[in-house]
Amino acid sequence: MTDIREVSVDELRHLVSDRALSGETMLLNMGPQHPSTHGVLRLLLELDGEIVVNCVPDIGFLHTGVEKNMEAKTYQKAEVMTDRLDYLNPCGNNLTYCLAVEKLCELDVPPRAQAIRVILAELTRINSHLVWLGTSGLDLAAMSIFLYCMVEREKLLDIFEMVSGQRMMTTYIRPGGLWRDVPVEFEDAVGSFIDHFPEELAKYHALLDTNELFLERTKGISTITQKQCIAYGITGPVLRASGMAYDIRKALPYSGYEQYDFNIPTRTEGDIYARYSVRLEEMDESLKIIRQALNKLPYGPVRSNNRKFVPPPRSEIGVSMESLIHHFKLWTEGFTPPKGSVYAVTESPRGELGVFLESDGSPKPYRVHYRTPTFANLQIMPILSRGHFVADVVGAIGSIDIVLGDADR
Amino acid sequence: MGVEQKLGNMGVVTTSLEQAVNWARTNAMWPMLFGLACCAIEMMAAQASTYDMSRFGMELMRASPRQSDLMIVAGRVSRKMAPVLRQLYDQMPYPKWVIAMGDCASCGGVFNNYAILQGVDEIVPVEVYVAGCPPRPEGLIHGIISLHEKVKKEKLSKWA
Amino acid sequence: MDDRYQPVVSAFQERFAAEMQEFRGEVTLILAPEHIVAAARALRDEFGFDQLVDVTAVDYYPQEEPRFHVVYHIRALEKGMILCLRAPLNGNAPQHFSVESIYPGANWYEREVYDMFGITFSGHSDMRRIIMPADWQGHPLRKDYPLGYEEIQYTFNYNEINLRKPRPKD
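Quick note, the sequences are listed as chains A, B and C, same order.
If you want my numbering, it's the 1-based position in the first sequence plus 10.
If you want my numbering, it's the 1-based position in the second sequence plus 8.
If you want my numbering, it's the 1-based position in the third sequence plus 698.
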């Protein structure tokens, strides 16, 4: 990168209105280091006094080159990268990637592994919503909710640590099943969490639902219509808060979600408060799913028996020569899926998370593309902030629940 | 040190200026509220009630670099972020310290590619490296205590 | 193939001479790039594919014809259908057509494809880099762009690499 290309102002001219040139409106830079941009988002705000005239998001400050890096690794090794994209939804990222690989290789996943995947994905959703609730509450000057949320989050992380050995970046869900079976304490730990969590949820409702300050800053602010949501490719709680009951878990069930009975919470207002209440209700629904999955958790293997794609369990390696060969082949060369491309989707806490995977028949993926919900959802920032106060921009950013690692990849 | 024995019951303690200043610096070290990626979530966890970093005089996270003493680089630093990070570092008043939290900030971690800086020590001087991907809050607290130990041994002339 | 896709597929085969591919139950239509805007309009208005999910590209370097495929995923929310469109592009610096006028959400996706692959979209309202810095050279996700891999330090080459590492000034 020797010679630096000068960026002329003319190239950026179309981003601001004519009034900005005469100095009638003010241009304000917000971020990338700003406490309420939830990471490293940069917004260029055009202000008329306190009112936002336009807002131009600038992303890429957390661009990690994951897609390029995955092309240089085998299918199993590339999975480690996926955790770190959307760092509030590591299990969901793993799950989506594994679903894509399983679709490509036509692998079957045993029912026990599927049920555990669902439990972990839903726990991750609660975890993500807790961090969202804490931080966006903090942005709207509700300090104590953050402390309550983080306490509950620790309990969830203890469960993740119990199953995988890592608090956040679990890489526990693997192509063809799971890394290993869950420990015996798992069911009790999850059970005690879901028994105790509704009390906490009631506490959050009590803290915020009647908080005049919070209501004042959320109701009727940053509204978006269902039509705009669909046109801009918005999914997840933002779409549901503007009236459309669309959830990938219902529309295109994966991992056995069709067996569970749960509702899709929706609101019609499309404002910040609607998004807030949709997410809180979603936590309730997640608890329902976890309870059902836990009650009928089947016994059996947690990995596919297809030895050409899935490594044999550790115990078999010592006694079977064939297993040793498979193990060696899979961890050195990797497996070779057929040529073709697939697209797998899951419902992440933020919306539709998709993986586009193209294989050229070699052990390394030819192209991996993550369709991330934050990237799509951030596009509506101009719509959400136009005509509102600068202080409400903070609430709007919080309400679409952005994770910059997810947007920039 | 003989003076304390004589003056001890008068409530006076003598020490060197260096020790007194360093002691004061370690007990009110304000970190900058500056999260980049995954590690920032663990940094928040370290701030919250379970781990509570305010035990070490760090309950105040300052969003402005002008008011902070310590920069915790929590997460991967991309090539686009690097100039911003350096500018933030330059804006911090002396004395200032940097902790590289996590593998990505320390050495690039798993991301050995075009987009990520292979260690934040390429652009700012780092005092303490905390390993882990992401490190547990205990790990971060250990890093901070190590920094405190280091600061206690500093010479006044270093920042003069 | 799911029967519900049949009307779209036959209409597209007839109108745009699209080539149909099926893999693992997913329907992909390969169209000439000049038809993409008309095809997107037909999908949205006639067949109810109302949401553009994703736009990305695949680089087939060193193959020149086609060098790139631009891949669209378009979804019909109510029916739960998803269709994949592919537009093959030739050459090193290809020109393509933007579908932003039909699906406004394509704005950022096309900017990303431009940033990462160097495919320019005509008819796009804001064709700038989105992720990489504005002064970045090259397009990282092309196959001829190096990964930018840094050598790993072992004991035998530790000092040698250490000397080459950039250090902060001051």
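Just so you know, these hints were derived from the structure itself, not from any lab.
Check before you lean on any hint, since a few could be wrong.
What the hints assert, rightly or not - Each pair of labels, with its calculated beta carbon distance range:
| id | chain 1 | residue 1 | chain 2 | residue 2 | range |
| --- | --- | --- | --- | --- | --- |
| 1 | B | Ile-153 | A | Leu-223 | 33 to 41 Å |
| 2 | C | Ala-832 | A | Val-400 | 20 to 28 Å |
| 3 | A | Ala-255 | C | Asn-860 | 28 to 36 Å |
| 4 | C | Ser-823 | B | Phe-64 | 45 to 53 Å |
| 5 | C | Asn-860 | B | Ile-153 | 36 to 44 Å |
| 6 | C | Glu-858 | A | Pro-193 | 54 to 62 Å |
Here the structure is a predicted model, which is why all the values come from computation and not from measurement.
For glycine and all other residues, C-beta sits at the position ideal for the given N, C-alpha and C.
Numbers of unmet hints, in rising order:
Those not satisfied are hints 3, 5 and 6.
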